Structures are given as structure tokens and as C-alpha cells.
Amino acid sequence: MDEVLIASVLASTLRVSAPLLLCAMAGVLSERAGVIDLGLEGKMLFAAFAAAAAASVTHSTGYGLLAAVAVGCVASLLHGFACVTNRGDQVVSGVALNMIAAGLTVVLGIAWFQQGGQTPPIAPDVRLTAVAQGFAEPQPGSWFASVFGHGLLSHNVLVYVAFLMVAAVWFFLERTRPGLRLRAVGENPAMVEAAGMSVQSLRYQALLMNGVLCGLAGAYLTLAQNASFSPNMTAGRGFIALAAMIFGKWKPLPTMGACLLFGFLDAVAIRMQGVQLPGIGEVPVQLIQALPYILTVVLLAGFIGSAIAPKALGKPYVKER
Amino acid sequence: MSQPTQLPRWIDIGVLPVWNLAIALLVAGLVVMVIGHSPWQALTVLLNGALGSVRGLGYSLYYATTFIFTGLAVAVAIHAGLFNIGGEGQATLGGVGVALVALWLGAKLPAVVMLPLLVIAAAAFGMLWAALPAYLQAWRGSHIVITTIMFNFLAAGLNGYLLVNWLRPAGSMSVESAEFAESARMPALHQIAAALGYELPSSPLNLSLVIALVACVFVGWFLWKSAAGYAVRAVGSAPRAAHYAGIRPRAQVLLAMAISGGLAGMVGINEISGVQGKLTLDFVAGAGFTGIAVSLMGRNHPVGIVLASLLFGVLYQGGVEVSFELQGFSREMVVTAQGLIVLFSGAMATVSAPLFAKVYAALKGGR
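Those protein sequence lines, which keep their order, are chains A and B.
With this note's numbering applied, the first sequence covers 8 to 328.
With this note's numbering applied, the second sequence covers 342 to 708.
One thing to keep in mind: the hints can contain errors.
Straight-line C-alpha distance at most 20 angstroms; calculated SDA-like pairs for lysine to any residue [unchecked claim]: (1) Lys322/A x Val692/B; (2) Lys322/A x Pro580/B; (3) Lys318/A x His484/B; (4) Lys318/A x Glu200/A; (5) Lys258/A x Thr691/B; (6) Lys699/B x Ile354/B; (7) Lys619/B x His484/B; (8) Lys326/A x Pro695/B; (9) Lys322/A x Thr691/B; (10) Lys256/A x Lys322/A; (11) Lys258/A x Ala316/A; (12) Lys322/A x Phe88/A; (13) Lys699/B x Asn93/A; (14) Lys322/A x Ala579/B; (15) Lys322/A x Arg190/A; (16) Lys318/A x Ala197/A; (17) Lys318/A x Pro580/B; (18) Lys322/A x Ile419/B; (19) Lys256/A x Ala201/A; (20) Lys256/A x Lys619/B; (21) Lys619/B x Pro545/B; (22) Lys258/A x Ala175/A; (23) Lys318/A x Ala479/B; (24) Lys322/A x His484/B; (25) Lys322/A x Ala175/A; (26) Lys326/A x Ala694/B; (27) Lys322/A x Ser578/B.
Calculated from the structure, these hints are not laboratory results.
Values in this document were obtained by computation on a predicted structure and should not be read as measured data.
Use the sequences and the hints to build the structure in full.
Now the structure itself:
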């Protein structure tokens with residue numbers, strides 16, 4: 008039975024990690040450009056609602072994705088208007104976005120669909136389903152079909168897109184000229200300005216990319232993981248993604264590692280319920296669920312390595328005259 | 342950008358906040374129109390539900406009590422240059438503290454001894470939950486915003502763990518602690534009135550409101566009249582200068598956060614000892630975040646915080662009434678309005694300042 012256990016833990020780790028990956032990469036892009044993004048949770052919630060609402064009304068996956076990405080970008084631009092253009096407090100703006108999203112998605116959901124804040128279920132043919140058919144369940148006795156098939160190939164397209172995005176964000180930040188500029192604007196905006204580039208426009212570009220990724224993360228929740236939107240369905244995933252980003256020291260690949268670790272903890276938390284570990288006894292589910300937060304606090308306190316944020320993070324840029 | 346705008350004080354603390362609030366409420370009104378209701382009708386029902394009856398007023402003041410505590414908590418931290426997003430978690434811990442003491446000693450002690458003990462427990466547990474992030478910020482260099490967010494989730498997890506595994510009475514299905522003894526209940530206002538021979542409709546409003554007002558006076562005295570408060574504000578506005586002047590910034594961070602957390606913890610008195618009479622899951626229900634809106638709107642001053650808390654108390658109580666009254670109207674509209682207020686009065690607070698400066702200069706020049 009080992010292969011069944013390994014395969015199902017592997018598969019659920021990847022499924023749980025995918026939205027975290029998308030959201031954490033969004034955070035990496037924004038924060039490396041010097042803009043704190045506490046609004047990840049709210050943007051993901053907005054996008055999840057937009058995807059579910061659009062997909063259930065238009066009966067089209069494409070419009071669902073489009074709506075999610077568009078709403079993610081609009082929310083990002085609002086954040087940019089408040090703190091890049093008007094140099095408002097980035098933390099406060101992010102908190103505001105989270106509140107507005109938590110309220111507005113329910114208000115609109117109840118007004119439009121009259122189902123207590125839920126959207127109507129999205130038809131199976133509109134939802135994103137497994138790319139490769141036939142691996143929906145792990146097969147006892149066959150390691151290949153279980154671990155490789157169910158574990159790795161049984162997922163919907165957004166799971167693979169999420170991993171692709173990690174590679175893309177890494178390549179963009181570390182290997183391209185615009186990526187270098189984006190990093191520079193988060194470390195030393197005055198120098199970027201002196202080199203003749205606009206700090207504001209670079210930060211807006213980062214925020215737009217952030218909005219697209221948040222949109223995909225939200226769409227994943229309603230088009231792939233669940234079949235409809237329900238109030239506050241992000242349930243802290245945006246903050247877990249934020250924690251993963253800090254745990255990954257604002258770098259794409261370590262952040263991916265953190266997302267996978269947190270996804271793994273989530274995947275095993277349910278399976279550990281009532282299980283007696285040799286020598287330890289039963290580990291409370293709440294402790295396993297709290298581990299991402301505990302690990303992040305411990306890391307931030309400098310007890311395991313050190314987390315060094317981009318230098319200009321959170322500082323509004325005032326143009327020199 | 343142009344030179345920093347100089348506005349007279351009455352515009353800066355009088356007109357600008359009201360203007361920002363008006364914009365936020367205007368946008369909220371637009372949302373109400375989008376979902377097909379008349380903002381005017383919603384507003385009338387809201388005000389009537391919150392202020393039109395003694396009972397409604399009692400509910401509004403009960404909500405305001407909680408918001409005064411969380412608002413003061415945010416304000417004290419802001420004066421030390423810290424953004425305490427952890428009110429939610431500190432309030433949760435305050436409730437846990439109340440429940441532990443009430444369940445442990447409740448039946449053995451009379452109310453005169455019990456109630457002060459509960460207040461101390463709520464404050465102490467809140468303090469502890471804020472002091473840890475403060476220590477990590479001051480001595481280990483981790484960012485207070487991130488740490489306090491993480492501590493919110495940890496508090497929720499801890500509360501859930503305690504309720505499920507320890508505090509839930511054997512055989513009970515619901516995730517709640519046992520009921521407290523009568524001596525551990527903060528007396529409600531209508532009970533006190535009844536004892537004095539008056540009759541008031543029942544509402545959750547209880548003596549915690551008095552404690553909240555005392556806390557306002559304390560915070561005002563602490564920040565502006567005490568030497569310790571001066572040191573806290575010095576560190577908040579100019580940490581280096583304060584350090585050169587012989588003030589130890591680390592100790593001030595710890596002190597400010599401890600007071601902040603203690604104030605947030607007092608939510609446990611209002612909600613757990615005053616209303617629920619038992620520990621429940623998620624009893625804070627976002628009040629910690631409302632505190633951010635309250636403090637921003639109230640300009641981090643006790644008087645402003647009382648006014649802003651009353652406004653939010655009215656919004657919360659009135660919002661419930663509107664959702665009963667109007668079809669398809671949800672009380673989450675209040676959360677939306679709260680977010681808009683944080684956006685316009687907080688993140689974008691100074692956006693309109695240049696406009697006012699222009700108008701003011703034009704009026705002055707014209708004279």
C-alpha cells in the first residue's frame with residue numbers, strides 16, 4: 008500500500024501547492040520591485056470570485072480565466088495608484104484591499120446569485136480537468152501508474168502552468184535585462200532613476216505581472232480545485248504564500264521549495280489526524296497547520312539563516328529635484 | 342512633486358478626515374446602487390436600526406466598545422512607529438485568558454474578586470501575544486507586520502486546539518467551552534438598570550464600555566502626559582534622535598507593544614465575559630482589523646478613536662438591520678465600507694491634500 012500513500016500525498020501536495028506557487032511568485036515580483044504586497048489574499052479572493060462568476064454566467068473557461076486575470080490586474084493597479092503614484096502606506100493599502108475583497112465578493116455574490124454568497128456550480132465541461140486521463144485514482148500494486156501517473160500526471164493544466172511560472176519568473180528576474188531593472192528598482196530606485204528609467208513605470212509593470220499571477224491563483228481555486236465560489240474561500244492561502252515568499256528569501260526557486268513544503272504539510276495534516284507517531288504520540292492537526300507560520304517566524308527571527316528583504320521594500324520613492 | 346503642502350491645522354485634522362470619509366462612503370453608496378438598492382433607503386434603515394431604539398443603541402455601543410479596544414491598540418503601536426496588525430490574535434488570546442481563569446476559579450470566587458481578575462487575565466494574555474513579536478522585532482530584527490500576521494494565525498490555531506482538546510465539555514459536539522459561572526460574567530447594562538429599578542430592553546452592552554472609556558483616558562495620559570509615553574513617541578517619530586537622547590528604543594518597542602496587546606486583549610472581556618459567557622471559536626470576527634480602520638480614521642487619538650468606534654458601531658449594528666430589511670443585501674457591505682475607509686482614510690489619506698492647499702491658497706490670495 009506504500010505506493011498508494013506516496014502517490015496520493017504527492018498528488019495532493021502538488022494540487023495544494025499550485026495556487027501558493029502562483030500567488031507567491033506574484034509576491035516575489037512585486038516585492039523585488041520594492042512594493043510590499045499584503046493584498047495577495049484579497050486579490051486572489053477577488054480573482055476566484057470573478058472566475059467563478061464569469062465562468063458560470065458565460066459558460067466558458069476562457070472568459071473565467073480572463074475575468075480573473077483582469078480583476079487581479081485592476082486590484083494591483085489600485086494598489087499601485089495608492090502607493091506608487093500617491094506614495095501611500097503600502098501595508099495599509101494591502102490591508103484595505105483584503106477587507107474590500109472579503110466584503111465585496113460576498114455583497115456582489117448575494118446580490119447577483121442569491122445563494123448565500125456562493126456562485127452557481129460551474130459545469131464539469133467548463134472546469135479545468137486532468138490533462139492526462141485514467142490516473143484519477145492511485146493503483147495498488149503498480150508503482151509506475153500510481154506515483155508517476157496519479158502523483159505527477161493526474162493534474163489540471165494550471166498546476167503545470169504554476170511550475171512553468173516559477174521557471175519563467177526565475178528566468179525573467181535572473182537572466183533578462185528588464186528583470187535586472189525590476190530588481191534594481193527594489194534595491195536602489197535612485198540609481199535606476201539616474202540611469203534614465205522611470206521608477207514608477209517599472210513598479211507598475213511589476214504590479215501588473217503580479218496581478219496576472221494573482222488572477223491565475225484565484226482562478227485555480229474556483230475553476231480547478233472547487234466547482235464554485237464560497238465566501239472567504241482563500242482561507243489564508245494568500246498569507247501562506249506571503250510566508251513562503253519570505254521563507255524563500257524573496258527568491259523564486261527557494262520560494263518554490265517553501266510552497267512545496269507548506270503544501271506537503273497541508274497534505275499530510277489531514278492524514279495525521281489520530282495517527283500515533285512512535286515516541287511522540289499524536290501530533291495535533293492544529294500544530295501541523297500552524298507549522299508554516301511558526302517556521303516563518305523562526306526564520307525571520309534569524310534562527311535559521313537570515314531573511315534579507317529588498318533594500319527599498321516599502322519605501323515610497325520621492326523623485327529627486 | 343511640488344513642495345510639501347502646508348495646510349492650516351483645522352483643515353488637516355478637521356476637514357480632510359471628513360472629506361476622505363465622505364469619499365469612502367460615496368463609493369460604498371455606489372456599490373449599493375450597483376446591487377440595485379437605493380443608498381438613501383439603506384442609510385435610513387441603517388441609522389434607524391442603529392440609533393432609532395434603545396435596544397439598537399445598546400447594540401451599537403456594544404460593538405463600539407470592542408472597536409475602542411482594538412482601535413486604541415493600533416494607535417499606541419503607531420505612536421511607537423509600529424504597525425500592529427495582530428490585534429485579531431491578541432484579542433483571541435485575551436479571550437483565552439478570560440476563559441482559563443473563569444473556568445478555573447469562576448465558581449469559587451465572588452464577582453467582586455473575579456471580574457478584576459478577568460480583566461488582568463485578558464490584558465496579560467494579550468500583552469504576552471504582542472510582546473513576543475515585539476521582542477523579535479527589537480532584538481532579532483524581524484518585521485513586526487509579518488510576525489503579527491503570523492501570530493494571528495497561530496492564535497486561531499491555539500484557540501482551536503484548546504477548545505477541541507481541552508476546554509470542550511466531554512460529549513459536546515459544538516466547539517465551545519463550558520458555560521462560565523455567574524460571578525465570571527461582566528454585568529450587562531440592562532441588568533444593572535433593573536437592579537436600580539429602571540427597565541431597559543436587553544442588549545449585549547455591558548460594563549466593558551466603562552473599562553473602554555477608562556482605557557481611552559489612560560492612553561491619552563500615557564502618550565501625552567507620562568515620561569514613558571514621551572519616550573515611546575520619541576522612538577516612533579525619530580528613533581535615532583531618541584537613541585542619542587538616551588532613550589533605549591528596544592525597551593520602548595516592547596513597552597508600546599505590550600500596552601497595545603493588553604488593550605486588544607480586553608476585547609475578551611467584552612465578548613467572552615460580557616456577552617458569550619463561554620469561549621468560542623473566532624469570536625473576534627475581524628474586530629482586530631476594524632481597529633486599524635478606527636485608528637486611522639480617529640487620527641490615532643483617543644477622542645478620534647471614540648468617535649470612529651461609534652461610527653463603526655453604528656455601521657455594524659445598522660448593517661445587520663439593513664440585511665434583514667432589504668432583499669439581497671448582505672451585512673458584508675459593512676466590511677466593504679470598512680475596507681474603503683481604510684483605503685481612502687489610510688493609504689490615500691493625503692491624496693486630496695494638494696487640492697485643499699490649492700483651494701485654500703486661492704481663497705486666501707483672493708481676499
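Hints, one by one, checked against the model:
no. : hint                : verdict
1   : Lys322/A x Val692/B : 17 angstroms, holds
2   : Lys322/A x Pro580/B : 17 angstroms, holds
3   : Lys318/A x His484/B : 13 angstroms, holds
4   : Lys318/A x Glu200/A : 16 angstroms, holds
5   : Lys258/A x Thr691/B : 34 angstroms, violated
6   : Lys699/B x Ile354/B : 17 angstroms, holds
7   : Lys619/B x His484/B : 34 angstroms, violated
8   : Lys326/A x Pro695/B : 17 angstroms, holds
9   : Lys322/A x Thr691/B : 16 angstroms, holds
10  : Lys256/A x Lys322/A : 19 angstroms, holds
11  : Lys258/A x Ala316/A : 10 angstroms, holds
12  : Lys322/A x Phe88/A  : 15 angstroms, holds
13  : Lys699/B x Asn93/A  : 17 angstroms, holds
14  : Lys322/A x Ala579/B : 16 angstroms, holds
15  : Lys322/A x Arg190/A : 14 angstroms, holds
16  : Lys318/A x Ala197/A : 12 angstroms, holds
17  : Lys318/A x Pro580/B : 19 angstroms, holds
18  : Lys322/A x Ile419/B : 17 angstroms, holds
19  : Lys256/A x Ala201/A : 28 angstroms, violated
20  : Lys256/A x Lys619/B : 42 angstroms, violated
21  : Lys619/B x Pro545/B : 14 angstroms, holds
22  : Lys258/A x Ala175/A : 13 angstroms, holds
23  : Lys318/A x Ala479/B : 19 angstroms, holds
24  : Lys322/A x His484/B : 14 angstroms, holds
25  : Lys322/A x Ala175/A : 27 angstroms, violated
26  : Lys326/A x Ala694/B : 19 angstroms, holds
27  : Lys322/A x Ser578/B : 16 angstroms, holds
The structure fails hints 5, 7, 19, 20 and 25 (numbered hints given earlier, in ascending order).
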